[in-house]
Every structure is written in C-alpha cells, then in structure tokens.
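Student: Those sequence lines, one after another, are chains H and V. Just so you know, this note's numbering puts 116 at position 116 of the first sequence, and the rest follows in order with no gaps. Positions in the second sequence are counted from 1; adding 252 to them yields this note's numbering.
Take these hints with a grain of salt, some might be off.
Claimed, not checked - Below 16 angstroms or equal to it, Euclidean Cα-Cα: the simulated EDC-like pairs (lysine to aspartate or glutamate) are:
#1 K5(H) - E338(V)
#2 K86(H) - D122(H)
#3 K5(H) - D321(V)
#4 K280(V) - E81(H)
Stated by the list, open to error - Computed Cβ-Cβ distance ranges for the label pairs, DEER-style:
#5 E150(H) - Q297(V): 40 to 46 angstroms
#6 L233(H) - Y299(V): 26 to 32 angstroms
#7 Y185(H) - D309(V): 53 to 59 angstroms
#8 A167(H) - L363(V): 46 to 52 angstroms
#9 R224(H) - E338(V): 26 to 32 angstroms
#10 Y185(H) - S336(V): 29 to 35 angstroms
#11 A223(H) - L363(V): 45 to 51 angstroms
#12 E235(H) - R323(V): 50 to 56 angstroms
Unchecked claim - Computed far set for chain V versus chain H, every beta-carbon distance over 12 angstroms:
#13 P276
#14 A282
#15 L286
#16 Q297
#17 A317
#18 D320
#19 D321
#20 P322
#21 Q332
#22 A342
#23 L350
#24 Y352
To be clear, the hints were calculated from the coordinates, so they are not data collected in a lab. Glycine residues also receive a C-beta, built at the ideal position from the N, C-alpha and C atoms.
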Amino acid sequence: MDHLKLSLVAHATHHFSSPVSPDTLDRVLALSGIERGWRVVDLGCGPGSMALHLAERYGTEVEAVDRSAIMLDLARARAAEHPAGKRLTFRQAESTDWLRDAEPCDLLVVVGAGLLVPDAPDTAAQLAALAAKLEPGGRLLWGETFWKAEPSAMLKAGLGPTGALYASHADYVAAGEAAGLTPLYAAVSSEQDWDEYAWRYSTAVETYAAERPDDAEAQAMRARIQGWRRLYLAEGRRVMGFGLYLFGKGTL
Amino acid sequence: MIRIVSSSVGRGIFDAEEADPIQPVSIKHAVEELWADERSKTLTQRYNYLDYHFEQDGGYCRARAYLDDPRTVTLFGPFQSRGSLEPAHAPEFEEQVLVYLNRRYEKVKRLPAPAG
C-alpha cells in the first residue's frame, strides 16, 4: 500500500489532516501568546492547511517543513492561491535532520505527525527533542491521538505501529512535564470533530474506489478503509481521543 | 491516521527553492469534478492534480501529476513558449526539469516524446 497515495486520497476534503477543527485550534492558540514577529514552524506540515491558517489568522511568518517534496509542492500551490500564502516558507527535511540542525523557534507546531524521533523510547523523549528546538519562553503545540479507555489488542493492531505509541491524555501531559515543559492548556477534539474526520476519510476513499471498479489498488484501499471504519465504529469512536497540548518552555 | 512514509530526502534541511536545479514559475493545484447529470448529483469522476509550469529563455515545459497517483508525473515539452506547441531544442533546460521531477516522482512520462 502506497501510504502517500492513501493519505492524499483520504484527506482530499479535510480542512486539516487531523480530527481538529479550526475553532479548537484557535481556542488553544489564543492562550499561546502568539503574535507577529514570532518564528513559527509547522513540522510535518503536509499540504500546508494549518500553516496557512496560522499565517492568515495571526499574521505570522510560518516555516512549513515536511519530508515529502510532493506534499510541499501541494502546499506551495495552495499558498500561491491564498491571501496569506506569501508569509509561508518551505523546507524539505526528515524530522530527525530538522531536529538536529534547525534553529530554535518561538512556536513549534506538531499536530498528527506521529513518530518524529524514531529512536525515542517514549513520548517524554519525543517531547524533549521538540522542546530542544524552542527558544526560552517558546511554545510547543503538539497534537496526537490518545486513548480515552483501554483499547483492545485488535484495535491497537489495526492501527499499525503508531497504535503502540498512543497513551492516555493524562500520560501525554505528564510526558510534557517529564520533558521539562510546562503544560499550559489542553483541548480535546469533540465526537463531532472525530466523526467529521473519520467520515470524510472513509468517504473520500469509497468515492475514489467506486470511480475505479477495475483498479485493484483502489479496491485494496477501499477494503483497508472499510476495515478501519468498522474498527472505528465498533470501538475507536469510544476509546480514541485527539488532544491538542500547549506546552511552554522556561520563563512563561 | 496515516503517516507519510514516502519521498525521503536524505540528510539535511533543504530550502525548497535551493534543493532543485530549477524552480517552476508556478505550481497550480486543481480539483475537477465531473457529474453524471445535474439532477442526480452523481459524481462520476474527480480529478485532483498539480500542474507545474517551467519557463526559461527559449523553452517552456508543463508537467501534470494526479495526486491519486503520486508516483507518476507526465511532462509536456519543451516547447518554444507557453503559447506554442512548437518543439524546442533546450537540452539543459529539459535536464533541469527532469531532475526536479525525478526528485519527486518515480516515473516521468513524456508527451510528446523528445525528438532524437
């Protein structure tokens, strides 16, 4: 399965490529102190929707970073048509390279980007690596799926390697503290946010496959998405949450 | 959630405008939807693609990549200008465009086939 292809098809109609609404994002960012002149980085920016939102809503310059040159081309094309697009710059990098070489920033946005530090033993180590790229007084906005309740082994297996990374909402806040960060706020996506994300995700793939009845890869994507939807409805909707965590570094 | 695992770039941080030997003068993202008829509201085909436009003195190339097939891009040209379909002989320009596309896509299809 080509994961880039699946992601591009499945996320074709989403606002953001995560179960986060613009309102929820703004509710958290309002408490960050974000202002013009901040150096803002969106690490794992994908098609650039969140970076564009930040530039438009807060007037900041945003560095959009992704490992995929195709994703960055898509982000650049969208930025060219967007009134705030000129405030974006684009960098191509593996997350490990960016974390090693990049200059610190005032606000680091990492939402739904998964495992950015492959050899980090736990979430606290992941967050510590991100915290190292913040200026003193900087902010980390980190978003990830969490467990609202203990998942079954079947659900964890169905989510692949990333399912093993998820922890509870409280564990994520504690991980930030263990990484030397101060938790400032956390917002949890609503059931409506999740349903919006999940149904757009599965319907985009269903539509794509229905248009290509003779395409074996499209039908494989459909089978995968149907399995994912069954898991989501049977259990995921009950036990999966998505949190946006605002952490501060040093003097707040 | 699906994690992006393709298009690895190797070591380092690349300014998107420094890593390539040439930059497109524009990249356009378009979504076209074809409906069976207005009444039934039945979507029969959805095209989601990037169009790249490259220009250099004496040459123009366009490339299209459908985002539901992010392994393949189709290159048109080089032509003498954006408004012309006359083939141009611009091997250096053509090579730069190919390097740009090959950094992103596994397969570059040519339309029309280059002369010679």
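Student: Against each hint, give a clear statement of whether it holds in the structure.
Tutor: Here is how each hint holds up against the structure:
Pair hint K5(H) plus E338(V) does not hold up; C-alpha atoms about 34 angstroms apart against a cutoff of 16 angstroms. Of the pairs offered as hints, the one joining K86(H) and D122(H) is violated, with about 37 angstroms between alpha carbons and a cut-off of 16 angstroms exceeded. Distance restraint check for K5(H) and D321(V): the Cα-Cα separation of roughly 6 angstroms lies within the 16 angstroms cut-off, and the hinted pair is therefore satisfied. Of the supplied pair hints, the one linking K280(V) and E81(H) holds, its CA atoms being roughly 8 angstroms apart against a limit of 16 angstroms.
E150(H) and Q297(V) have their C-beta atoms about 44 angstroms apart, which keeps the hinted 40 to 46 angstroms range intact. Range check, L233(H) to Y299(V): Cβ separation about 30 angstroms, and the 26 to 32 angstroms hint holds. Remark: the range hint 53 to 59 angstroms for Y185(H) to D309(V) is upheld by a beta-carbon distance near 54 angstroms. The given range of 46 to 52 angstroms is respected by A167(H) and L363(V), whose C-beta atoms sit roughly 50 angstroms from each other.
Separation of R224(H) from E338(V) is about 46 angstroms and departs from the stated range, judged on CB atoms against 26 to 32 angstroms. The given range of 29 to 35 angstroms is broken by Y185(H) and S336(V), whose C-beta atoms sit roughly 57 angstroms from each other. The beta-carbon spacing between A223(H) and L363(V), approximately 33 angstroms, falls outside the hinted interval of 45 to 51 angstroms. Restraint check, E235(H) to R323(V): a C-beta distance of roughly 34 angstroms breaks the suggested window 50 to 56 angstroms.
A Cβ of chain H approaches the Cβ of P276(V) within 12 angstroms, the least distance being about 8 angstroms, so the stated non-interface status is violated. With a least CB separation of 9 angstroms from chain H, A282(V) falls inside the 12 angstroms interface cut-off, contrary to its annotation. At roughly 9 angstroms, the least C-beta separation between L286(V) and chain H is not larger than 12 angstroms, which violates its mark as non-interface. Some Cβ of chain H comes within 12 angstroms of the Cβ of Q297(V); the nearest lies about 6 angstroms off, and the non-interface call is violated.
Chain H draws A317(V) into its interface by the beta-carbon criterion, the shortest separation being 7 angstroms against a cut-off of 12 angstroms. A cut-off of 12 angstroms between C-beta atoms contradicts the statement that D320(V) is not in contact with chain H; the least separation is 5 angstroms. Not every C-beta of chain H lies more than 12 angstroms from that of D321(V), the closest at about 7 angstroms, which undercuts listing it as non-interface. Residue-level check failed: P322(V) sits 5 angstroms from the nearest beta carbon of chain H, not beyond 12 angstroms.
No Cβ of chain H approaches the Cβ of Q332(V) within 12 angstroms, the least distance being about 25 angstroms, so the stated non-interface status holds. Against chain H, the non-interface label of A342(V) holds: every CB pair exceeds 12 angstroms, the least being about 22 angstroms. Remark: the non-interface label on L350(V) is consistent with the geometry, its nearest Cβ contact in chain H lying 15 angstroms away (cut-off 12 angstroms). Against the 12 angstroms criterion, Y352(V) falls within the reach of chain H, whose nearest CB is about 9 angstroms from its own CB.
The structure is inconsistent with the numbered hints 1, 2, 9, 10, 11, 12, 13, 14, 15, 16, 17, 18, 19, 20 and 24, although it conforms to all the rest.
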